[in-house]
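All chains, please: the whole structure from these sequences, using the hints.
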Amino acid sequence: MRRRGIVLLAIAAVTASTALSACGGGSEDPAGKTTVTFWQQKFEDYQQAWFKKHVDAYNASQDKVKVDLQVVPADTWAQKLKAAQAAGKAPDIATTSYGNVAPGAAQSQFAPLDDLLPAEAFTDIKDNVKGFVTVGGKHYAYPMLVEPSTVLYYRTDLVTAAGLDPTNPPKTWDELLQWATKLTQGKVKGMTIASAGPDLGWSSWGLQYNACGRLPINDDWSKSTATEPCFEKLLDFYKTLYQSGLIPKTPKVGYADGAPYGQGEVAMMAGGSWVIGQLKNDFKAMVPKTAVAAFPSIDGDPAKTTATLGGWTLTVDAKSKGKQQAADFVKYLLAGDPAIMADFFKTSGFSKYTVRTSVDQALAGNPDATSDPFMKVISEKVVPYGKQEPAYPWDISLAFGTAIESAMKGKADVPTSLKTAAAAIDDVIKKQSLAGTAPK
Amino acid sequence: MTALDSRVAVPADPAPDGVAPQRRGRRAARRGRDNRTAYLMIAPMVVLLGIFVMWPLVYSVYLSTFKISFYEEPEFVGLDFYQYVLDSPRFWESIWVGLYYAVLTVPTGIVIALLLASFIKTLSRRAAAFMKTTVYLPAVVSTVVASVLFVFMYQDEGVVNWMLGLLNRGPVNWLNDPGYALPAIAVPGIWLSFGITTLILLAGLLDIPENYYESAQLDGAGFFARLFRITIPLLKNVLLYLLVTGFTLAIQLFELPLIMTNGGPVDATTTPNLYIFNSFRDLTPYATSFSLTASLMLFVVLGAISLVIFRLVNSDKAIDG
Numbered sequence: 001m002r003r004r005g006i007v008l009l010a011i012a013a014v015t016a017s018t019a020l021s022a023c024g025g026g027s028e029d030p031a032g033k034t035t036v037t038f039w040q041q042k043f044e045d046y047q048q049a050w051f052k053k054h055v056d057a058y059n060a061s062q063d064k065v066k067v068d069l070q071v072v073p074a075d076t077w078a079q080k081l082k083a084a085q086a087a088g089k090a091p092d093i094a095t096t097s098y099g100n101v102a103p104g105a106a107q108s109q110f111a112p113l114d115d116l117l118p119a120e121a122f123t124d125i126k127d128n129v130k131g132f133v134t135v136g137g138k139h140y141a142y143p144m145l146v147e148p149s150t151v152l153y154y155r156t157d158l159v160t161a162a163g164l165d166p167t168n169p170p171k172t173w174d175e176l177l178q179w180a181t182k183l184t185q186g187k188v189k190g191m192t193i194a195s196a197g198p199d200l201g202w203s204s205w206g207l208q209y210n211a212c213g214r215l216p217i218n219d220d221w222s223k224s225t226a227t228e229p230c231f232e233k234l235l236d237f238y239k240t241l242y243q244s245g246l247i248p249k250t251p252k253v254g255y256a257d258g259a260p261y262g263q264g265e266v267a268m269m270a271g272g273s274w275v276i277g278q279l280k281n282d283f284k285a286m287v288p289k290t291a292v293a294a295f296p297s298i299d300g301d302p303a304k305t306t307a308t309l310g311g312w313t314l315t316v317d318a319k320s321k322g323k324q325q326a327a328d329f330v331k332y333l334l335a336g337d338p339a340i341m342a343d344f345f346k347t348s349g350f351s352k353y354t355v356r357t358s359v360d361q362a363l364a365g366n367p368d369a370t371s372d373p374f375m376k377v378i379s380e381k382v383v384p385y386g387k388q389e390p391a392y393p394w395d396i397s398l399a400f401g402t403a404i405e406s407a408m409k410g411k412a413d414v415p416t417s418l419k420t421a422a423a424a425i426d427d428v429i430k431k432q433s434l435a436g437t438a439p440k
Numbered sequence: 001m002t003a004l005d006s007r008v009a010v011p012a013d014p015a016p017d018g019v020a021p022q023r024r025g026r027r028a029a030r031r032g033r034d035n036r037t038a039y040l041m042i043a044p045m046v047v048l049l050g051i052f053v054m055w056p057l058v059y060s061v062y063l064s065t066f067k068i069s070f071y072e073e074p075e076f077v078g079l080d081f082y083q084y085v086l087d088s089p090r091f092w093e094s095i096w097v098g099l100y101y102a103v104l105t106v107p108t109g110i111v112i113a114l115l116l117a118s119f120i121k122t123l124s125r126r127a128a129a130f131m132k133t134t135v136y137l138p139a140v141v142s143t144v145v146a147s148v149l150f151v152f153m154y155q156d157e158g159v160v161n162w163m164l165g166l167l168n169r170g171p172v173n174w175l176n177d178p179g180y181a182l183p184a185i186a187v188p189g190i191w192l193s194f195g196i197t198t199l200i201l202l203a204g205l206l207d208i209p210e211n212y213y214e215s216a217q218l219d220g221a222g223f224f225a226r227l228f229r230i231t232i233p234l235l236k237n238v239l240l241y242l243l244v245t246g247f248t249l250a251i252q253l254f255e256l257p258l259i260m261t262n263g264g265p266v267d268a269t270t271t272p273n274l275y276i277f278n279s280f281r282d283l284t285p286y287a288t289s290f291s292l293t294a295s296l297m298l299f300v301v302l303g304a305i306s307l308v309i310f311r312l313v314n315s316d317k318a319i320d321g
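Which chain is which? The protein sequence lines are A and B, in order. Residue numbers for the first sequence, in the working numbering: 1 to 440. Residue numbers for the second sequence, in the working numbering: 1 to 321.
Calculated directly from the structure, the hints in this document are not laboratory data. C-beta: ideal position from N, C-alpha, C; glycine also. All the pointers check out, no bait thrown in.
Distance condition first, Cα-Cα at most 30 Å in a straight line; then the derived DSS-like pairs of lysine-lysine: (1) B:LYS67 x A:LYS80; (2) A:LYS223 x B:LYS67; (3) A:LYS33 x A:LYS89; (4) A:LYS431 x B:LYS67.
Over 12 Å on every C-beta distance to chain B, these chain A residues come out as not near it, computed from the model: (5) ALA60; (6) VAL71; (7) THR123; (8) VAL135; (9) LYS138; (10) LEU158; (11) GLY163; (12) PRO229; (13) VAL287; (14) ASP299; (15) PRO302; (16) TRP312; (17) LYS331; (18) GLN361; (19) TYR385; (20) LYS387.
See below:
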């Protein structure tokens with residue numbers, strides 16, 4: 001009996017160690033089949049289904065490589081990835097945001113894909129996106145999509161009821177404040193926008209560009225520019241929205257979630273283009289009553305940036321033992337048959353945008369894509385003016401987001417909040433030796 | 001007399017001198033065996049403590065002298081990160097937030113628990129059993145569940161603002177106003193912890209001999225005289241335990257602000273652990289080393305606070321009834 005227990009314990013230990021060793025690092029089984037792990041950050045439900053469908057199809061299409069797909073929730077992603085990297089078990093393939101490509105490449109975290117993928121895979125990427133994944137002339141990630149971080153959604157029925165013209169959405173921040181004031185009726189607030197520091201840290205990048213034509217750091221990352229007067233106008237804008245009661249003061253969800261708009265709690269919403277997918281999937285009744293416009297500009301100039309083009313890529317880990325196999329899968333999923341990515345954009349309700357010319361061509365023949373009113377506005381009026389997400393450390397974005405929040409919630413006045421942010425940014429520059437390290 | 005005292009207080013040896021060396025030798029051998037058994041019994045704990053506490057601590061201190069990268073050679077930076085942490089205003093703000101939270105919750109929790117324990121002591125056995133279960137119930141509620149529950153209660157249309165509305169006040173922006181957020185989090189914090197504090201204090205109260213109170217009453221001592229002259233002095237060690245554990249636990253608060261406010265608004269609820277956790281989530285090598293060093297500094301700060309409490313309360317040796 002005791003011996004049997006020991007045997008069982010040994011089997012359990014071997015099984016556990018086998019399972020753990022399969023967590024990363026590209027392993028090969030005795031039959032010569034290589035397993036590569038793929039960590040996908042958890043996005044909207046339809047994305048999980050899409051990834052699974054195509055991973056299964058890839059695994060069934062050949063018998064040399066098995067892709068092991070693991071979905072990791074966004075709020076545990078960073079610590080889980082770090083723990084895996086520390087243990088030498090980082091995933092062979094991972095979803096990586098554009099903002100993390102350059103910092104990851106600087107730390108030698110990603111394998112350059114130029115030797116692993118054919119050259120035509122890169123010529124297919126649109127010119128304005130190539131720079132997002134290129135560091136020092138090498139491609140460290142393969143782009144999947146772009147999605148503007150800030151777009152204005154509004155309820156046409158409520159706008160009409162308030163005596164406003166739904167075909168002529170606000171063009172300036174002042175007009176937006178007027179609309180929000182008129183649309184704040186009873187329990188329905190005029191609009192919703194980020195109001196918590198971490199959300200503001202990234203969702204305000206586009207409006208930072210809009211207000212000042214730059215982010216709150218100089219071009220070579222040697223000094224903060226947060227105290228420039230143009231940023232005061234940005235903080236004043238957010239402060240007015242919050243302190244005048246035009247946005248919910250206790251939001252139940254973060255900026256990325258469009259549920260308050262879908263549930264009719266607000267008449268307008270600043271949200272990413274991805275919310276279109278959420279509305280089409282979860283709040284279908286709201287879609288006919290919704291119009292989309294470029295987010296208003298500080299002075300009404302529609303050519304000024306109002307959104308950063310965020311989005312996701314796939315990267316191959318520099319320590320992967322199956323780099324080529326991992327890259328082969330990336331090629332299959334993102335750089336191969338345009339129909340695969342066309343299927344993705346269709347599934348997303350055209351709430352995200354292509355990064356490859358060939359996928360654009362594949363979608364050109366799709367009447368759903370060409371007639372989608374939301375897609376037309378965003379691709380013509382927002383995407384062309386969108387800027388790349390910053391590649392500097394998150395602490396800088398957080399310092400500026402905290403300054404906006406501080407002004408909104410009355411912790412400090414606008415100039416003091418900006419001074420605090422500038423000091424925090426200069427501190428990050430000094431301690432992380434950032435001066436002169438901005439990617440070219 | 002404590003168990004320790006009874007072991008030490010061995011009766012005097014009445015044996016004549018001739019027999020003494022032999023007996024002394026036997027006693028020494030027995031003591032040696034006893035010691036061996038004692039060492040053997042504490043060995044597993046010492047080994048486990050060594051493997052899981054001492055070694056990681058020493059190794060962490062060693063690692064904190066490097067800028068850790070998982071892809072490139074770690075860069076030796078000496079004590080730079082200690083200076084970075086000590087320089088960081090956000091680290092010190094988080095310590096103040098932790099201390100403020102501890103000040104809000106620990107004394108309040110102890111006072112409520114003392115009142116409840118005194119009340120339970122006066123009840124019949126059956127009523128006391130019912131009350132003890134009722135009071136302990138929040139302690140078994142998951143912090144996550146409590147956090148979500150209180151987030152709903154603090155909403156604009158939540159029950160708290162509804163009650164304020166009955167008094168023609170509010171609505172108050174409980175979780176999104178830098179002035180209210182931490183006290184708002186302290187309420188579920190107290191609610192979750194006072195059950196166990198009550199039971200510990202009740203055990204302490206029941207340990208105080210009833211005849212002390214009877215004598216005091218005969219001498220004409222009122223309620224407050226009995227409270228301050230008998231109850232509190234005799235509960236000193238229990239209160240010291242509750243203060244030290246309460247403060248160190250409160251400063252290390254993590255789940256409530258993580259779920260209810262994510263450290264906001266404007267860092268008003270960023271406790272030290274949450275600050276370290278958020279620092280760690282940044283994917284840079286700097287962030288990894290910084291959060292590790294900040295954890296070690298927090299360890300020092302917590303040790304110092306415990307030491308200060310010990311000094312302030314000036315603990316005596318246990319007083320037996």
